[in-house]
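S.K.: Take a look at the letters that make up each chain.
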Amino acid sequence: MPHISYDNKEIAFKLVYCGPGLSGKTTNLARLHTMLAEHVRSKMISLDTAEERTLFFDFCPIEIGTIEGYRVRFNMYTVPGQIYYEASRRLILDGADGVVFVADSQRDRIDDNIISFELMQENLRSYHIDVPDFPLVLQYNKRDCAEALPIGTLEAHLHLANIDVFEAVATEGVGVMETVRCVCRRMVNRFQID
Amino acid sequence: MMVATRRRNIVVNGDLNAVSLKEHLGALVKTSGALTALLITKEGHGIAEAGDTSYLNTTAMAALVAGMFSATREVARMVGEQQFSILLQQGETRHIHISLVTNSAMMIVIFEDYQRIGRVRHEAKKMGELVGQVLAKGTDKAKVSEELSVPEFKEYALNLIDRIFAMK
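Chain order of the listed sequences is Y and U.
Here our numbering is used: position 8 in the first sequence is 479, and no number is missing along the way.
Here our numbering is used: position 90 in the second sequence is 380, and no number is missing along the way.
Just to be clear, a hint being listed does not mean it is correct.
Said to hold, decoys possible - Here are the simulated DSBU-like cross-link-like pairs (lysine-lysine), alpha carbons at most 35 Å apart as the crow flies:
(1) K514(Y) with K332(U)
(2) K415(U) with K444(U)
(3) K427(U) with K444(U)
(4) K312(U) with K480(Y)
(5) K415(U) with K332(U)
(6) K514(Y) with K444(U)
(7) K320(U) with K480(Y)
(8) K480(Y) with K444(U)
(9) K427(U) with K480(Y)
As the list claims (entries may be wrong) - Each pair of labels, with its calculated beta carbon distance range:
(10) V440(U) with L526(Y): 35 to 41 Å
(11) R596(Y) with G370(U): 36 to 42 Å
(12) L526(Y) with E442(U): 26 to 32 Å
(13) S517(Y) with Q372(U): 29 to 35 Å
(14) D579(Y) with Q372(U): 53 to 59 Å
(15) D342(U) with I585(Y): 35 to 41 Å
(16) K415(U) with V602(Y): 26 to 32 Å
(17) R411(U) with A558(Y): 17 to 23 Å
(18) V602(Y) with T343(U): 56 to 62 Å
(19) N347(U) with D579(Y): 38 to 44 Å
(20) I585(Y) with Y345(U): 43 to 49 Å
As the list claims (entries may be wrong) - To list a few chain U residues with every Cβ distance to chain Y over 12 Å, as calculated:
(21) L311
(22) L325
(23) G334
(24) T348
(25) V369
(26) L377
(27) N449
Read the hints as simulated data drawn from the structure, not as lab findings.
Every value quoted in this text rests on a predicted model; they were computed, and no experiment measured them.
The beta-carbon is built from N, C-alpha and C at its ideal position, and this holds for glycine as well.
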């Protein structure tokens, strides 16, 4: 459930972008940041390596407005995709209210997508989150690559029924807004106080 | 910034616990001579703050410190400790004292005079116990749910989402 601060008058949802290394998680967040109006976004913070690979996380808070006296914020994170950063991914998923899984549409990345998704599921289960009831959106990124994976491939491999799916070319901003809008709506629809 | 309010649904100051938290942090700032005190959750959300925050992005600060504390907890476990309950970051002119006040909340104190570190540690420990007691009481959610209309909140929030994340 989102964090409600009565003192700070704030309701904050936590959204995490997951997916295999180099699938475009940071690019999604960076593009989103540049596409949003200045008054809703704060500075984006990236904890990355010298090669600009995400080391711990990227963070970008988005404040959508004030409702009934409460500022409503979506705190958006990415996790490092490389397989050996499993401990970091698990920490960042703690308290997540929603997840965007950014899959790489290149055919030779299918195994990486599947492994990454299964590890994410395990991490969510460790926090007592069941994927079927959770705001999770699947984004097929890099749709401009040659012979992209057909939509439905990952859903079939991972037995995902009724998952929201979006196609994206995050480097050009295509599909970025649609993805985040869908997952944010689903997070809000689950909102309750008790 | 877009604002949506309905007078009959406005929650005034939430509950008394939150006021006490802010007061406790304010007292800590005063007695320790610190610049700023923040209370955050281990997920990186702000709970309360006191002192000067004009120089600080408190949202980013909460996210970064929570990440740092989580990483340090894993390091502690590697060496056979459950967790390190205090972190201290010493800078040239500003320093940060971070302490765990409950299993799910931590207190950040930012101060300038490093010679006051003993004072900061002492006051933070004392105030941490009081803050922990307030947090342990929990919040009066039944009262809040009476005052905050969830269906209307959802309606407004969905509307804002559609406007903010509109396709360009």
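S.K.: Regarding the pair K514(Y) and K332(U), is the alpha-carbon distance no greater than 35 Å?
M.R.: Distance ~21 Å between K514(Y) and K332(U) Cα, so the pair holds.
S.K.: For the hint 26 to 32 Å, verify it against the beta carbon of L526(Y) and that of E442(U).
M.R.: Because 42 Å falls outside the window, the suggested range is violated.
S.K.: Taking 35 to 41 Å as the hint, is the beta-carbon distance of V440(U) and L526(Y) inside that range?
M.R.: holds, 38 Å
S.K.: Would the non-interface assignment of V369(U) survive a Cβ cutoff of 12 Å against chain Y?
M.R.: holds, 15 Å
S.K.: Is the hinted range of 43 to 49 Å satisfied by the C-beta distance from I585(Y) to Y345(U)?
M.R.: holds, 46 Å
S.K.: Can the suggested window of 29 to 35 Å be confirmed for the beta-carbon pair S517(Y) and Q372(U)?
M.R.: Check passed, 31 Å falls within 29 to 35 Å.
S.K.: Is the hinted pair K427(U) and K480(Y) satisfied, with a Cα-Cα distance of at most 35 Å?
M.R.: Distance of about 19 Å is within 35 Å: holds.
S.K.: Is the nearest Cβ of chain Y still more than 12 Å from the Cβ of N449(U)?
M.R.: Answer for N449(U): violated, closest chain Y Cβ roughly 9 Å.
S.K.: Is the distance from the Cβ of D342(U) to the Cβ of I585(Y) consistent with 35 to 41 Å?
M.R.: violated, 50 Å
S.K.: Run the C-beta distances from L311(U) to all of chain Y and say if the shortest one exceeds 12 Å.
M.R.: Since the minimum Cβ distance to chain Y is about 6 Å, L311(U) lies within 12 Å and the statement is violated.
S.K.: Does 38 to 44 Å hold as the CB distance between N347(U) and D579(Y), or does it fail?
M.R.: Distance hint for N347(U), D579(Y) holds at roughly 40 Å.
S.K.: So the hint says 26 to 32 Å: do the beta-carbon atoms of K415(U) and V602(Y) match that?
M.R.: Hint violated: Cβ distance 42 Å, outside 26 to 32 Å.
Hints 2, 11, 12, 14, 15, 16, 17, 18, 21, 23, 24 and 27, counting from the list given before, are not met by this structure.
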